[in-house]
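Asker: Chain by chain, the residues:
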Amino acid sequence: MAPPKSSNVTSDKSKNSKNTTKTDINTKADLIIQNRKCANDIFDIFEHLQAEKDRDVICAIGACSRIFCALMGRGDLFVGPLPEEDSLLTGKHSADEKYGIFMRHRYNDCVKLLLELMANSNHQVKEGALCTLMKFVSAEGQRPLSSVDWDCHYNFPRETLKAVVCGLLSEKEDMALLISRFQEFLEMDDVRYYVMGLVSDSVGRVTARAKEVMLLPIYQNNVFALLSNINMPSQESELTNFLIQMDGQRAFERMWLGFLKHKLPSNMYKKILVVLHESILPHLSQPTLMIDFLTAAYDIGGAISLLALNGLFVLIHQHNLDYPDFYKKLYNLLDSSVFHAKYRARFFHLADLFLSSSHLPVYLVAAFAKRLSRLALTAPPAALFMILPFIYNLIRRHPACRVLIHRPDAPNEPFDDPYLMEEDDPALCHALDSSLWELQTLQKHYHPDVSKTATVINRPLSEQEDDISELLEFSTYELFERDLQQLQKQPVALEYEGVSQLLEGSGKVLGGFFSLE
Amino acid sequence: MGKPQKKRGLADKVRKTKTSNEIKNNPFEVKINRKKFDILGRKTKHDVGLPGVSRSKAIKKRQETLLKEYKQKSKSNKFVDRRFGEYDTKMAPEDKILKRFALERQRMQDKKNIYNLNEEEELTHFGQSLSEIEKLNDVVDSDSESEDKGLLSAEFTASHFGGGGGLLRKKNAEEEGDGDGKPRSRQELIEELIIKSKQEKHERQTQKEEARVLTEKLDQDWKSIQSLMARNAPKSVCRVEESKPKAEEYDIMVRELGFEMKAQPSEKMKTPEEVAREERDRLQKLEADRQRRMLGDMEEETSKKQSYLSADDLNDGFILDKEDRQMLSYQDGKWNIAEEDQNADDDDADDADAGDDDDDGGNNDGSNDGEDGDDDDQHGESGSEEEGSDAESGHSDLDSEDVVEDDDAEVLRKAESQAKPHCTLSKEERLAGQEEAKAELPYTFPAPESFSDLRSLLHGHSADKQCVILERIQKCNHPSLAAGNKLKLQKMFGFLLEYVGDLATRCPPELGTVNKLVPHLYGLCQLFPNAAYLAMQNVLSDSAHDMEEVVEVKGRAALPGLGMLIYLKIVALLFPTSDFRHPVTTPALVYISQLLTKCPITSLEEVTGGLILCCLTLEYVTLSQRFVPELVSYLLGILHLAVRDKGSLGYRVVPPFRLTGRHCDLLVTSDAAHAESWSRIPLPMSGAQSLKLKDDLERDHYKLSCLATCLDLVKRCSSLYKSLPSFTQIFWPIRILLSKHISLEGHSSVLQDLHREALEAVSESPERPSPLVFEKTKPIPLRLFTPKIVEVLDFGKKRGSSKQEREKEKLKHKYRKELKGALREIRKDTKFLAREKLTEIMTRDAERKRKVKELFGSLSTQEGEWKALKKKKRK
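Heads up: the sequence lines are chains A and B, in that order.
Mind the numbering: the first sequence is residues 1 to 517 in my numbering, read in order.
Mind the numbering: the second sequence is residues 1001 to 1875 in my numbering, read in order.
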C-alpha cells in the first residue's frame, strides 16, 4: 500500500482541496477503526471509492485497506455463514454480532468495489486495488472468515483469490502490466498453487463458453502473461516437501496443457515456444505430453518451426523422442528468410548441435553445406560472418565433404551446377556432385572481412573448428560499429577526382536516372 | 752550456741518422720476431725489433727522470737557474745569448755614470731616438696609435708574467751589476715600474699630439702655398678625392652581388603536350594506387609510406615537379622548412596552427601580422585582392615572395580552382555575378562557431551567393593567416555537412544549392582529411544508431530521408569507394546494407528512395566490382512490386519484401491504357521525400518510370557481376520474374526494349564454372642434412654480440694491456733503481776502502817516519 499513499502525500500537499478530501478520508477511517459508533462513515469512503478523481479513489483504497485489515486483525468481522443483511434487524443477535455482520457485509461490498476498480483505466488505481485485495487475502488466511472445521487446518481464502484471478484474466483488457505486478505474489508457494488451479478452471470455463467460435486473443494474452509469470522453483530446493511439490507439478502441467490444447494465434505460438524449453518443459512431470503440441508447431513452418525446434531438441535429446525425417524437415526449413529471422541465432545454434553428430551421412551434410552456401548469396553481411564458419565446420567434421571445395580428380572442364535447389529431399539434390562456387562468389563480397573469410577455401582448411557461438548473435549494426572503430593507421585516402556536381562520380548511375529536383 | 749542447745535438743528429740506419741494418742489433703462421692480409707491427736501441732509450729516459727524482728525494732545497730564458726550451740558444748580452748592456747603461761620455749613447729628438726616426718613415696613423696603446712593453710583460720571475731576475741582474748597492724590496721595484710606464705613456701621447699638430700645420701651410703653385696640382688632389667614394660604391656593389640570392632555376614553360603527359602520368599513378587499395594489399604492407595527393597540390599536374622542388630546397634551408612543415601540418589535422606562421619565415611574419590587422579593422577590398596584398608584402624582400607563392597563394588558388569548373561556364556571367555580390555582400565573414551561425550566414542568399560567402569565409580564415583558423575551418566542414543535410530535408529539397556546395565540401575535405572523415563517420553512426533503436523495437525501420541519401552520395564523392577497406566507405556500405534489409517499402516515395539507394550501391561498387547480395535481392523486391498476379511464383523474395501483403502492388499500374502515353524522364530526387501526383495517369507514369529505372539497374548489375561464378544462381529469381511474371504487352517500345535487354542480360550464362580446387601450394621441402653455410664477411671480428658488448670487450682488452705495460714499467723502474742503489753503494764502499787504505798508508808512513826518527835519536 505504500506507493499510492506516498504519492498522495506529495501531491496533495500542493492542493488544498485535495488535502481536505484526503484528511477527511483519513480521519473517517481513523474514527471507524477507533469507534464502532462511526461505522456508518464507511459509506462515505465507499462513495470516494467510486469517485471520478483517481487521487481520491487511491486515497479511499488505502483507507479501506487500513480499516478492514485492522478490523480483521481484531476479529471484528463476522465469522461463519453470513446471515442476510435484512435479517440483521429482525434476527436476534447481540450488538457485537450485529456490528460484525454489518462490517462483514461492508467488507464484501468493498471487495466487489475493488474488483471493479481492477478494470479501471488508471494503472495506479488498478495496482492499489490489486494490492489491497491481496492484503485481504493474506489477512483472511490468518483469520479465516468461514467457519473452521479443524483448528489447525490451514484454510486458504480461495474465493477471494478466485475473484482476483478472474479479474486479472479479463477478456476485454490487456492486463499484462498488472499481471507483472501480480508476479510478486506468485513467489509465494501457496498463492502459486491455488492460482494454477484457478487458471486451469478459468481456461476451461472460458473456452467452453467461447466454443471455439472465436479466438479470444486478449484473454489468451492475459492467460499467457499470467502463466509465463508462474516460475516453478527449481526441484532441488523443494525436495523437503516432496508431496506438495508433486502436487504443484501436476497442477502446473494441467494448467499448461489445458491452455495449449486450444487453438492459438501464431504470435502466441511464438511467445510460448520462446519460453517453452526453459520454463515449461523442465517442470512438467511428463514432458512427452508436449509432443503433439510441438509437432503441430513444427509443421506450421516459418519462424514457428524454427522455434519449435528447440523444444523438439529437448524431447529428442532427453526424452528419447524418435522423429521421422527430422533432418529432411530441418533441411527444408532453410530458406532465404532464415538469415533475416529474429531467431536466427537460436536456430543456428540448434542446427549446429544437430549437425555436430559424426554419424550423419555425407550426402546429408553436403546438402546442408550446399544449401547454406546457396542461401548465403542473399544473406546480409552479419549472417555471412556466422554462416561461412558454419559451413567450414561442417566440412571439417565430415572430411568426405571436402570434395565440395576441392575436387582435383574431376575433368577440369566447366559444367553446370548439378545441385537442385528445389529438391526437398537432401538425398536427391546432388549436392555431393557440386562445388561451393557460392563461396567463391563471396570472395568478391563488398565487405572486406567477409571477403577474407571466403578466401579460406582456396587452401586446405585448418584442423581446428571455428567457434561460431560468439558470431551467432552478431548483428549488422555491431559490424557497422566495429568498422567505424577500426584504428586508422595511415592517413585517410581521399578521392582524387575533383568534384563539381552532386550527381557525377563513379559510373554516374545516380545522375543517369535521377534529376536534381 | 747551451751552445755546445746545441752543437753536439746537431752533430748527433747527423751521426744518429747515420747510426740508426746502421743499427737497423746491423744484423746483430736486429731481432726478428718469428711468427708461427703467416696470415694473409694481416699487417704486423712488431715483426722486427731493436732491443738494444730500445733498452738504451729506456735507460736514458730513466736516468733523466727517475734518477733525478731519486737524487732529489730527501732534499729540501732546490737550485733554480734564473738566467734569462734558461727554462725556455723554445728559444734558440743563439737568441738566448743575444738577449742576455743585450740585457747585460742595458744594465750597464742604466747605471748612471754621468762621467761616461760614451758614443754609445743614443741621440734623441723630443725623446725619440734619431736613428729610429731615420729608419721608419713616420706615418701619423690614428690606427697605429691605438695599436701602440694596446701593446705592452716587453719589460712590463716580463715583470708581470712568468711568476714575477722577470722582476726577480732583474733584481739579480742588478745585484750582479752593482754588488755593493743596497738590494731593493719587491714593492719598491713595482712602484718604480709603474711610474716608469706611466711616464712613458705620457711621453708617447704628448709626442703624437705634437706631431699631429705639426703635420696639420704643415698641411695648411702647404695648401696656402699650393694655390700659388702650378695648376696641375689641385686637379690631382681632386681626382684623389673623387676616387675614394667611387671605390666605396664599387665595394657596395661587390658586396651586394656577393649577398644577393643566387638565381633559382625556374620552371621551364611546358608545352601543352608535356602538361597533358604529366597529367596522364599523375592520373595513372593515382589509378594504380587506387587499384592497390582495392585489392587490399595495403592491409599487409601498412608500414610502407604512401604519398597521397597533398592538399597543397595545385591539381595541375605538378606533382612530380613538386617533389623535385623539395629536393632542391635542401640547398636552401628556408624553402625546405616552409614546404615540409606545411605538408606536415596538413597531415596532422589536430596540430595547432602556431607552426604555420613560423613556416613563412621570420621576415614574412611581419607582413602576415599586418594582414591580420587588415582582417580585423578593414580588410582588403575583396577576397581576390587579398592575394595581391600578399604578393605586395612579398615584394619587400625576395625570399618571402617565394614563400608566399608556395604557401598561401597556391592553396588559395587551389581553393578557387575547385570552384572554377562550374563557374567558368560563363565567365562574364560569373564576373557580373561577382560584381553584384560585391555590391551587396560583406567581404569578410567570421568563421561560423556553430551550425546555426552558418545557417544564419547563408540564410536568404541564392546558391551562387552562398558559394561566394563560403569562399570568402575560407579565404578570410585561411590556416596560414592566423593560429586557430585551421580548427575553425575543420569545424566548418561539419557545419557545412549539417547544412547540406538540412537543405536536403527541407520541404522542397534545395538540391540545386546542395549541388553548388559540393565542391566546397570537396575542397575542405582535401584540406582536412582527418576532420572530414571523422565528421562523416559521425553522421553515419548517428543515423545508424537511430535506425538500430527503431529496429530493435519494431524489427524494421523506415527508410531515412533524402538528407541521408545525399550524405551517402557525398561519401562516394569525397572518399574512394573502391578501397578494400576504408574508414568511411566500408561503414557506409554496411549502413546501406542495413537499409536494404531492414526498411520495407510502403509507398511510392519509398520506392524512389529505394531506387536512389540502389543507384548509390551500384556506384559504390562500380569500380571495385564487388558483390552486394542485398542489392540484387532489393531489385528483385522492387520488381516484385510490379507483378500483377502474385499466385504461383517460382521465386522467393527476401525480407524486407513480402510475397503478398498490403504494400505489394505499389508498382502495378491501375490502367493499362496509361502505359501508352508514357515516356521516359529522369525521376526527381525529391520524390524520395514527397510526391505530388495529381491523378492516376501521373501516378501510373511515375510507376512505369520507376519500373524502367529498376530494369536498367538490373541490366547494369548483371553486366557488373557477369564474371562471378554464381552469376546464374544470383539472378535466377529475377530471370524467372522477368520472363514469367512481367509482361509488358501494350507498353511503349522503350519499356519493352528495356525489359528485353534486362532479360537477356540476366539470362545469358557467361562461362560455366569449373570445379573448385585448392590453390597449388609449393611442396614443403624435405629436411636435409647438409651443413648450414654462413658467409663470413668480416674476418677477425667477433661476431654475435652487440655493439655495446664489443665496445666493452675492447675496453677490457685495452685495460689489461695497459695494466701489463704499467706493471712491466714499474718492474723495470725498480730494477733500475736497485741497480743505481747498488752502484751507489759500491762506489761508496770503494771510496771508503780507498780512504781507509789511504789512512792506513799515511799511518804507516807516519809510523815509519816516527820509527826512523826514533832510530835517529837513538843513534
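Hints should not be assumed to be uniformly reliable.
With a straight-line cut-off of 20 Å between C-alpha atoms, the simulated EDC-like cross-links for lysine to aspartate or glutamate are [stated by the list, open to error]:
(1) A/K271 to B/E1775
(2) A/K452 to B/E1775
(3) A/K342 to B/E1775
(4) B/K1776 to A/E463
(5) B/K1554 to A/E463
(6) A/K37 to A/E127
(7) B/K1035 to B/D1047
Hints are computed from structural coordinates only; laboratory data are not their basis.
Asker: Check each numbered hint from earlier against the structure, then list the numbers of those it violates in ascending order.
Answerer: 1, 3, 5 and 6
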